[in-house]
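**Q** Protein chains in written order, with the numbering used here: chain A, 1051 to 1384; chain B, 1051 to 1384; chain C, 1051 to 1384; chain D, 1051 to 1384.
No lab work stands behind these hints, which were simulated from the structure alone. Glycine is no exception: its CB is placed at the ideal position from the N, C-alpha and C atoms. Heads up, a few of these hints could be off.
Result set (EDC-like, lysine to aspartate or glutamate): computed pairs, CA atoms no more than 20 Å apart in a straight line [claimed, not checked]:
#, chain 1, residue 1, chain 2, residue 2
1, D, 1284, D, 1231
2, B, 1181, C, 1079
3, A, 1274, C, 1302
4, B, 1181, B, 1296
5, A, 1232, A, 1382
6, A, 1183, D, 1324
7, C, 1274, D, 1296
8, C, 1375, D, 1324
9, D, 1091, D, 1074
10, B, 1274, A, 1113
Far from chain A by the CB rule (all over 12 Å, computed), these chain D residues [stated by the list, open to error]:
#, residue
11, 1064
12, 1071
13, 1102
14, 1193
15, 1203
16, 1303
17, 1321
18, 1324
19, 1365
4 protein chains.
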Amino acid sequence: MIRVGVIGYGYWGPNIVRNFSLVEGATVEVVCDRSTEMHKKIKAQWPHMNINTDSDEVITSPDIDLVAIVTPVSTHFSLAKQALLNGKHVFVEKPMTATVEESEELVELAEQKGLTLMVDHTFMFTGAVRKMKEVIEERLLGDIYYYDSTRINLGIFQHDINVIWDLAPHDFSILSYLIDEKPLSVSASGVSHVGTREDVAYIHVHFSNSFIAHFNVNWLSPVKVRNTLVGGEKRMLLWDDMMADEKIRIYDKGVEVKQREGMYDLLVSYRAGDMWAPRIEQTEALRYECRYCIKCIENNTRPINDGLNGLYVVRLLNACDESLKIGGGAVDVK
Amino acid sequence: MIRVGVIGYGYWGPNIVRNFSLVEGATVEVVCDRSTEMHKKIKAQWPHMNINTDSDEVITSPDIDLVAIVTPVSTHFSLAKQALLNGKHVFVEKPMTATVEESEELVELAEQKGLTLMVDHTFMFTGAVRKMKEVIEERLLGDIYYYDSTRINLGIFQHDINVIWDLAPHDFSILSYLIDEKPLSVSASGVSHVGTREDVAYIHVHFSNSFIAHFNVNWLSPVKVRNTLVGGEKRMLLWDDMMADEKIRIYDKGVEVKQREGMYDLLVSYRAGDMWAPRIEQTEALRYECRYCIKCIENNTRPINDGLNGLYVVRLLNACDESLKIGGGAVDVK
Amino acid sequence: MIRVGVIGYGYWGPNIVRNFSLVEGATVEVVCDRSTEMHKKIKAQWPHMNINTDSDEVITSPDIDLVAIVTPVSTHFSLAKQALLNGKHVFVEKPMTATVEESEELVELAEQKGLTLMVDHTFMFTGAVRKMKEVIEERLLGDIYYYDSTRINLGIFQHDINVIWDLAPHDFSILSYLIDEKPLSVSASGVSHVGTREDVAYIHVHFSNSFIAHFNVNWLSPVKVRNTLVGGEKRMLLWDDMMADEKIRIYDKGVEVKQREGMYDLLVSYRAGDMWAPRIEQTEALRYECRYCIKCIENNTRPINDGLNGLYVVRLLNACDESLKIGGGAVDVK
Amino acid sequence: MIRVGVIGYGYWGPNIVRNFSLVEGATVEVVCDRSTEMHKKIKAQWPHMNINTDSDEVITSPDIDLVAIVTPVSTHFSLAKQALLNGKHVFVEKPMTATVEESEELVELAEQKGLTLMVDHTFMFTGAVRKMKEVIEERLLGDIYYYDSTRINLGIFQHDINVIWDLAPHDFSILSYLIDEKPLSVSASGVSHVGTREDVAYIHVHFSNSFIAHFNVNWLSPVKVRNTLVGGEKRMLLWDDMMADEKIRIYDKGVEVKQREGMYDLLVSYRAGDMWAPRIEQTEALRYECRYCIKCIENNTRPINDGLNGLYVVRLLNACDESLKIGGGAVDVK
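So here's chain A without its partners, still in its complex pose:
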């Protein structure tokens, strides 16, 4: 039985407590929040829960195996580092840390200590993304041409970070999961209208081949859109996460091009075939992810959303910020 200590009971914390409480092989031993206001909420929901105010107590407790860090980004690094140093496995909210260097340090530390470091990239565990992974691995799309995501709505959810750091971690972690190729460079353009941080931004991620990824993130859209197009050589896919059913549609559509013999121009023909919407598993993604976390610890296997995956996302976020500073030029991603 993995004994979990949860630090932070704000917006997302209650979901973490609920899911680690419910999955097999885990038990939530303690929930920590600095605000005693929050303690009342915890008590109302979990009358018998141990509650405290001091994260150090959680981190150093001999009764805790896994520390779940559900606090603002700026605090992730020091909490995670201390937890690892104290021999605890770590489950930390996205993005993993506020800088690339911090992420690198955590990855190394977890490696040295042989501990599990897992970043809460929840979307990787949705039925829709797992189905997309399956479809891409089965080569149903053939070579991938582009990945084009629109994640826009009305709502500034985070005050200490810009719209890229708020919304793009979802997309970057999904991208990392679906596409094996590593990015070469990133360019980002954004503006701020409300407050001082970018609230509308557009990102391109470039690769060594002709594959391109594009992300449209926006806190000032009157309509909520969660659309991702994945264009492939053989088929094309639309993921519309706002649909109740049929979130994934696979189109047997495409273009075929032939060079005409001895001629300069091209013969282009279109293929219009069936559309197919595979059934998507409905399990709550976070439930699936928490169970997976416990299994990775039990079996000492490396999670797909490990520290390196968290580092990948932070590298891209950091490159976006640098590109914004230089007016949208391409910034290398190591």
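Dock chains B, C and D against chain A, hints included.
**A** Here is chains B, C and D on its own, set in the frame of chain A:
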């Protein structure tokens, strides 16, 4: 009565002939196409029409007042120049020319000769765009925050130009019509998968203030999307051109931000109000535009889609090409 | 403080307990369920709640002012009757009873005793229906022509009643709320494919004028539809309850007809105007309804969803059953 | 070469002339319309066409093999009868005649004379309906449970008939094509608000088994809907004719029911599987139908939309009218 000579009877030519034939104050005197195959089509539709093969005859004919040029881009400049030199008014397909210099020369020549030079930016004359113009001029949106357009479908319609030169002229002309501010710089990213020209591209247009325009153009999308979001300080607008009705939706939604006294963070509040879809006039845009062209010639007034407007669009297209070459960096637009 | 005793903790009971617990002026004193399995669930959620197995204890307790009956339809009558006889106010699930006679008896009894009898027609308290009421009362639609509802999905939720008794109470109570006119007769057609009770049915309700109401209820539809069209002389309204936003759309569309002087035929003209989606209040309908129930008891005012309203719905349901038996012929509704 | 004479050049006539002109094996010899206003329109489109005013000339001409009757319903019978008596094949608009007796007489006459009598039930020839036929014949849906059609919009297209005679022939002919079972009885409810004929109506068609068909036709809807649900034992189908693509969707969804041993209640389980939208052929339905008509005449084969099919539709329309008169009761269909 303005006597029109039409050069080119390919994809768009029949619409030009039909509309100039039907509008008040105009008559189509001759249709010219190099291909005798096309002559049969013209005859089938217009049994009494004068038809010829030589564009020079049209351009130099004393019986022609207005030359309509509906040929590939590369031929626009020389045809338009000759027509102006021969004292004819000119109506030319978009984009106006293949280079900035050519457009500048045509603008100057039309000015010198006191002739009307009009570019067929048809979208400026749709009921939807005219309604958007009205809404923006009445300040219903307040200050404009961003303009975000997605124009994607499956279909390579042009073999001699890339997806930007094919699709973005629509968006750039609409942008020029709706937004008074002139662009400072452009950045574009694109890749090609089919053939050698870009078939997927993303464009940002930067302005001197925090307004930003973004364009997503794509020939390889399984779904056809024609969406434009215009975010404003007071209200927000969605133009979905694929809708049969209610193409324009105006959302009384927005964000209000206050700096809290003596504090660092922001108080953000959201406003969620009614949505309103104004009735859109259904007249065919090209009909409206052709009638407008004739009126501009009759009254010697400058059209909104004059040579300068055509030049604006070509400047942006040209800046996109330059940005593509340097890997997406910002390119100044004079 | 109104002290509530809740009988039944099945599908809907938890919502009743939660809402009466949270609204001002009420407190849930006891929850009763025959199944001790359910007692565990109640305890998990409400650790300090009084729980019992015997509904009689609730009904006769001097500590209870209002009995909320959340049990199968067949038990409503006897529980509600006993509660009223014991001087308790009654809040009962829809449909109020299994027969017209039972409903009549409850109405009379509540009247005699001066007690509040309220039926849980939750939909009457949704933001969408309250907005529709407002729109109709302000005569924005003019005279109402028709009311056409489609309420279909995959799912047999009730085993002891047919699809009409399951789904139509929602529609009948909304109809009663929106339309003052009383129905004359009902005709219903239905068939059963799965089990022995109708799983697909169509209902017409006829009135003394040319207004007509039509209901399409279906447990075997692959898509979930919750659409209601209200056609009026001046405007028309569409309520699409599956939309996250803009559930109500009001169309300024209509038909105008003139008899041509001295002629037999009609001049028909169409009006196509704006569409308008008013903001809908988002409060949970049941919360609103529970608070309203308490206020009605406190102020001794008659609720809109009183016993007579419950009786109206049961009369229509009963007429549907009779019409089904005679093959779809019209059955009078007293 | 089948020589066609077309009588009537109103709303639909131009499509008939165009399609019989274009299909292989046919030529339009003459177009007849009583209005000389229409003659101008014919001339504009077909400069070399023979035009006349007298339908008798067409019907008796030795140069005509097939008479296409595209006139108001009330004139169909006498024109078709005369044409058959004169040894002409007949292609007649829907509905075939204004009464059952007239239809019966035409069927018999065509039979005696060995002539082709074909009714223009165009929808039977759309790609969508042909695909549905295929899907049903391949037993992909299993046994059919219900057929539920909604065909509503704003627009009174016909002044001499009610909404049922205007819109339901489409649905009845499709029903006859897809479902082999013959109807037992029909019940219809309708009201009129504008003019004196029903503008809103609902129809049920009953069969000897538990299959039911339901039709919602309405001239006063603010939104245009063209939806048909076909529920089956194994799969379910939605035909949304307003979609540009994916008009047909097949849902691998359903219900399974088991009687629990020795128990009264049912075990119901749901199956939620993939959705599949087959590619639909895009050929113009009327083109396909005209070519089919010519082939039937050439090969002397009986069309699927023969006189008996036309009679089926008229029988149902007639039964609807009778049911309307008796207040919605079931009326037998012989």
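**Q** Going back to the hint list, which numbers does this structure go against?
**A** Structure breaks hints 2, 3, 8, 9, 10, 16, 17, 18.
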